[in-house]
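Given chain V, work out where chain F should sit, using these hints.
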Amino acid sequence: MNTTVQAASALTRAWVRLYTARLPETLRNSRRAEVDADLWEHQHDRPAGRITAGTTATEIVLRTCLGLFDDLAWRSDVLREIRHSNNSWRISMLRFTSRQMRWMGLAGLVGGLLWAIDLLTLFVRRRTDFPTTFDRVVPVVVAALLLTGLLGFLTIYRERIGRKGTIGVSLLIASMASFFLANTLLAALPAGAGRSMLGVVLSIGFAILPIPGFVLIGLALKGPARAGAFLVAVVGPLGMVLPSILAKYGQVDPPWLRGDSPVNLTYFVYFALAAAWLAAAGYSTYRQAQRPV
Amino acid sequence: MRRKPDQLLPLEVEILEAALALESRGVTQFHGYSLAKLLKQRGDHRLLTAHGTLYRALHRLESAGLIEATWEDHQVAESESRPRRRMYRLLGAAEPAVRRARAITGSRSTLGTLEPDLESR
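Residue numbers (this note's numbering), protein chains in the order written: chain V, 1 to 293; chain F, 294 to 414.
Only chain V is shown next, with the shape it has when bound in the complex (with noise of 0.2 angstroms):
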């Protein structure tokens, strides 16, 4: 090959690698491989004696140039379209790769199996040890798992679920971010009022936004994800209000659902199906990032 053909070709890939720059993968690879088989097309079209090499190198030159504009437009127009589709979410699965994207799966899956082993392991545990070791960093590593695993079911999925169920899985999110809040900065201030305040306003955080998110998620959905989205979003609340009920109506107290008992067995089940839901969550995740786009 020439080596002016040749430098004429690498300056048209530098342009074409710097325009894509930042740009969701599959876009970014598929405008540069596109270019580069016009121009490997455009060096082996030279009819014997016909062109020269030097003609080509030009000709190379001129369509780089006189495509300047339309290179910036296009990338602005697909920038665009991204900002479109994401609506006020500036996250987007094609800002990510599909090897991020599996970790992120990989981190939910594990998460959410650390916490249902984590949930069964208080019946084994007496609760008059806490708090442990195990019991502060347990909760932080599953919440920062779950954070990951969610962020990337909402990039995969977000086109897919809706508004609503965008919402549900912010408020999901939203509930992670204050459980790890609450064993990461609320362990670390000192007591007090403010440190009391906190802590309540993360531990309805923690315990209340799932509900409706999992409703919204359930909206969403179809099939068995839909089924256990609405199961936890029904027990959730009915572990909240049973031990009233049975009080009042029933009077009965059973120790499985005081608050000052071992295991409360309802939140049990609540956080139980909510971290299988979101195993299974990071699981899908992780299939779909597997898939060729």
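Be aware that a few hints might be false.
Only part of the chain V face toward chain F is listed, based on derived beta-carbon distances under 7 angstroms [claimed, not checked]:
#1 34
#2 36
#3 62
#4 66
#5 71
#6 74
Away from chain F, derived, C-beta distances all over 10 angstroms, residues of chain V [as the list claims (entries may be wrong)]:
#7 6
#8 18
#9 136
#10 182
#11 191
#12 197
#13 208
#14 215
#15 224
#16 287
Simulated from the structure, these hints should not be mistaken for lab results. Here the structure is a predicted model, which means the values were calculated and not measured. Glycine included, each C-beta is placed from N, C-alpha and C at the ideal position.
Just chain F now, with coordinates in the frame of chain V:
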């Protein structure tokens, strides 16, 4: 001023017309470079259409649902020792869209000016 979403630019109309002419002769798919060459040979352009102009127009036509793009099979490209081509084909909405565009501008179609030897590439 931004154009209307269903409004075709002159280059887009030319692309669709060229693709329709190819299709009428049994060539259902084309790639970027072959199209640039085809447009140049029709006499409307002295140079091959610029990369940016051509691929932006194809992107818009694809977004408008007038053409469809697919990547060529790996094996085909490997057997010819060249990069994979992104192949385009017309969709059903393309022909009515060209008619509408021509009706609006009042200009005649140039379908008959294609040179047969270009269709092989």
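For each hint, the structure was consulted:
Taking 7 angstroms as the C-beta cut-off, the interface hint given for residue 34 of chain V holds, the closest approach to chain F being about 5 angstroms. For the restraint placing residue 36 of chain V at the interface with chain F, the shortest Cβ-Cβ distance is roughly 5 angstroms, inside the 7 angstroms limit, so the hint holds. Among the interface hints, the one on residue 62 of chain V holds; its C-beta lies about 6 angstroms from the nearest C-beta in chain F, closer than the 7 angstroms criterion. The beta carbon of residue 66 of chain V comes within 4 angstroms of a beta carbon in chain F, closer than 7 angstroms, and the hint placing it at the interface holds.
Because the closest C-beta pair between residue 71 of chain V and chain F is about 4 angstroms apart, less than 7 angstroms, the hint holds. Hint status for residue 74 of chain V relative to chain F: holds, with the closest Cβ pair at about 4 angstroms, below 7 angstroms. Interface exclusion of residue 6 of chain V from chain F stands, the closest Cβ pair being 15 angstroms apart, more than 10 angstroms. No Cβ of chain F approaches the Cβ of residue 18 of chain V within 10 angstroms, the least distance being about 12 angstroms, so the stated non-interface status holds.
Every CB of chain F lies more than 10 angstroms from the CB of residue 136 of chain V, the least distance being 51 angstroms, so the non-interface label holds. The Cβ of residue 182 of chain V lies farther than 10 angstroms from every Cβ of chain F, with a closest approach of about 46 angstroms, so its non-interface assignment holds. The claim that residue 191 of chain V is not at the interface with chain F holds, since no C-beta of that chain comes within 10 angstroms of its own (minimum 59 angstroms). For residue 197 of chain V, the non-interface assignment is confirmed: its Cβ lies about 51 angstroms from the closest Cβ of chain F, beyond the 10 angstroms cut-off.
For residue 208 of chain V, the shortest C-beta to C-beta distance to chain F comes to about 42 angstroms, beyond the 10 angstroms cut-off, and the non-interface label holds. With 10 angstroms as the threshold on Cβ separation, the claim that residue 215 of chain V sits away from chain F holds: the shortest Cβ distance comes to roughly 35 angstroms. Consistency note on residue 224 of chain V: stated as away from chain F, and its beta-carbon is indeed over 10 angstroms from all of that chain's, at 33 angstroms minimum. Residue 287 of chain V, annotated as away from the interface, keeps every beta carbon of chain F farther than 10 angstroms; the closest lies near 23 angstroms.
Of the numbered hints stated above, none is contradicted by the structure.
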